[in-house]
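Protein chains in written order, with our numbering: chain A, 1 to 474; chain B, 1001 to 1085.
Keep in mind that a hint or two might mislead.
To be verified - Short, incomplete list of chain A residues facing chain B, as computed with Cβ under 8 Å:
1) PHE27
2) GLY28
3) LYS30
4) ARG36
5) HIS37
6) LYS70
7) GLY75
8) GLN80
9) ARG82
10) GLU84
11) LEU437
12) VAL472
Quick caveat, the hints were computed from the structure, so don't treat them as lab data.
A quick note: this is a predicted structure, and the numbers were derived from the prediction, not measured.
The beta-carbon is built from N, C-alpha and C at its ideal position, and this holds for glycine as well.
Here is how the chains run, residue by residue.
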Amino acid sequence: MKDSHYDVAIIGAGMSGLAAGIRLAHFGRKVCIFERHNAPGGLNSFYSIAGRKYDVGLHALTNYVAPGVKGTPLGKLLRQLRIEREEFALRPQKQSRIAFRDCSLKFTNDFAVLEVEVAEKFPAQVEGWRALVKAVRTYDDVALDAIPLSAREVVGRHLNDPLLIDMIFCPLMYYGSAQERDMEFGQFVIMFKALFLEGFARPLDGVRVIIRVLLEKFRQAGGERRMKCGVARIIEEQGRAARLILESGEEITATQVISSIGFAETMQLCDPPQTQAAECNTGTLSYAETISVFKREPAEWGWGDDTIVFFNDSDRFDYSQAKQQVDLRSGVICLPNNFDYGSEHLPEGIFRVTALANYALWAHLPEEKYQADKQRWFGEVIRSARRFLPPVDDSILTEAQLATDMFTPRTIRKFTGHLNGAIYGAPHKIRNGRTHLENLYLCGTDQGFLGIIGAMLSGISMANYHVLQASVRS
Amino acid sequence: MTKDNCKKLVIDIISDIAPDEDLSAIKPEIRLRDQLQLDSMDFLDIVMELRKRHGIEVPEADYGQLASLESCAEYLTPKFGTAKA
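Required output: the full structure, derived from the provided sequences and hints.
If you want it as structure tokens, here you go:
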């Protein structure tokens, strides 16, 4: 065999691709990850402007459980990747809120807090709530062959107060739904556990800590990584992915191929192309995010309690494609300073706000107009979010502000490659990772385990299921 | 390879796979699953580490033989003699 043959080629060096790569390299496979960008991390990455590092994607790592709690996704992932818990240096959240116009629910990494809040504010819903929690706890959310169910329908069997239903759906949708207005119940369960039954944490230095650990494990295991080296085409021969043509024109072969770049995005690389399959399952939901950097911690003006705030100002929470460039009715606030770092502190204050945004209305603007619109919407988004935080005088924020940045659906498209800047990819997930080609599999966003931990577990599961388990079976 | 050595090698593997488990008081006759929190992903890893470290193949049909430390030793010890490391 010539040198450019691999046991497994992985497309994309995001969380899922790296995790799959670690598993495969650890067990002796000749594996290479092809990444078209210079930076690893994919959707969850970071960048620098003027010497300052900004996280993208990660507000908080979900699925956090305290040391010693076993049998949850975080523990599984650490075991599977042979990572010591301390390497991620996770620091738990203080508290978060779901803040609607007339009602607010507090939650923390202790589920009892949310249960008390629900009982206090929705006394008539308590029994239904308990039944729902039981249904969530007993649902097999990692089955690769589950029949899709509507979460609205299942939740509707237990709860009948639309306000409570919307308040529960709001964080789960914002942190992982590629579908408008509803979620598949399996996805709902994954997210409910990840956010409410487990919880939020973050390394002091943000997502780059996690990426660094993954890169190092992959390197130690003997994996190869080629950056700025995208895959341009996947050539089909006799029902198999026979060859990969790289953007450089170089050609490589692999016995198996795992793609983390998304379903439609992978179908578009196939030659002959799978245009119709791609068109039927392309996401439409995208986000904009503002980032404000302050010279002091937000606690100084009374923003020291909340880690994450999920807000909505309308009668019903409407998780759907934005009709304007940005949908100001709802959003998510993240204050990274408000994790429990013990005696340590972030050097600066950070305030991030995420809201639904419309890809088409941003995608084709001429540069000047794009910059002007960004500036205009930046102010609007901040104003919208501040309605749900303790009041503070404009002059205080202006005086403390050091820098700002904003990303739009166009930025997401550019850095993740997701069509339409669809943050969570395709609306219909492919849980078993199979494609029309027998040796081409999907992992990551469109396989459907969500969040950072979910993404890594997706890579692990697909590597196990399609490569490693298949080899011990034969 | 003695059975005791074999048990030690299996424990070495488990301690790498599940460093958060206390392995000091494992009872050899009792099922590993009943004493430790090990799921099917972890058992797959035991099989794969046996192959990686010791060249031992455990076919899927024989996974049941790995239930306890004692049954592991019973099943694996003869295999160490024949394995190509």
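Taking the hints in turn, this is what the structure says about them:
{"no.": "1", "hint": "PHE27", "in the structure": "holds (5 Å)"}
{"no.": "2", "hint": "GLY28", "in the structure": "holds (6 Å)"}
{"no.": "3", "hint": "LYS30", "in the structure": "violated (14 Å)"}
{"no.": "4", "hint": "ARG36", "in the structure": "violated (31 Å)"}
{"no.": "5", "hint": "HIS37", "in the structure": "violated (30 Å)"}
{"no.": "6", "hint": "LYS70", "in the structure": "holds (4 Å)"}
{"no.": "7", "hint": "GLY75", "in the structure": "holds (7 Å)"}
{"no.": "8", "hint": "GLN80", "in the structure": "holds (6 Å)"}
{"no.": "9", "hint": "ARG82", "in the structure": "holds (7 Å)"}
{"no.": "10", "hint": "GLU84", "in the structure": "holds (7 Å)"}
{"no.": "11", "hint": "LEU437", "in the structure": "violated (25 Å)"}
{"no.": "12", "hint": "VAL472", "in the structure": "holds (6 Å)"}
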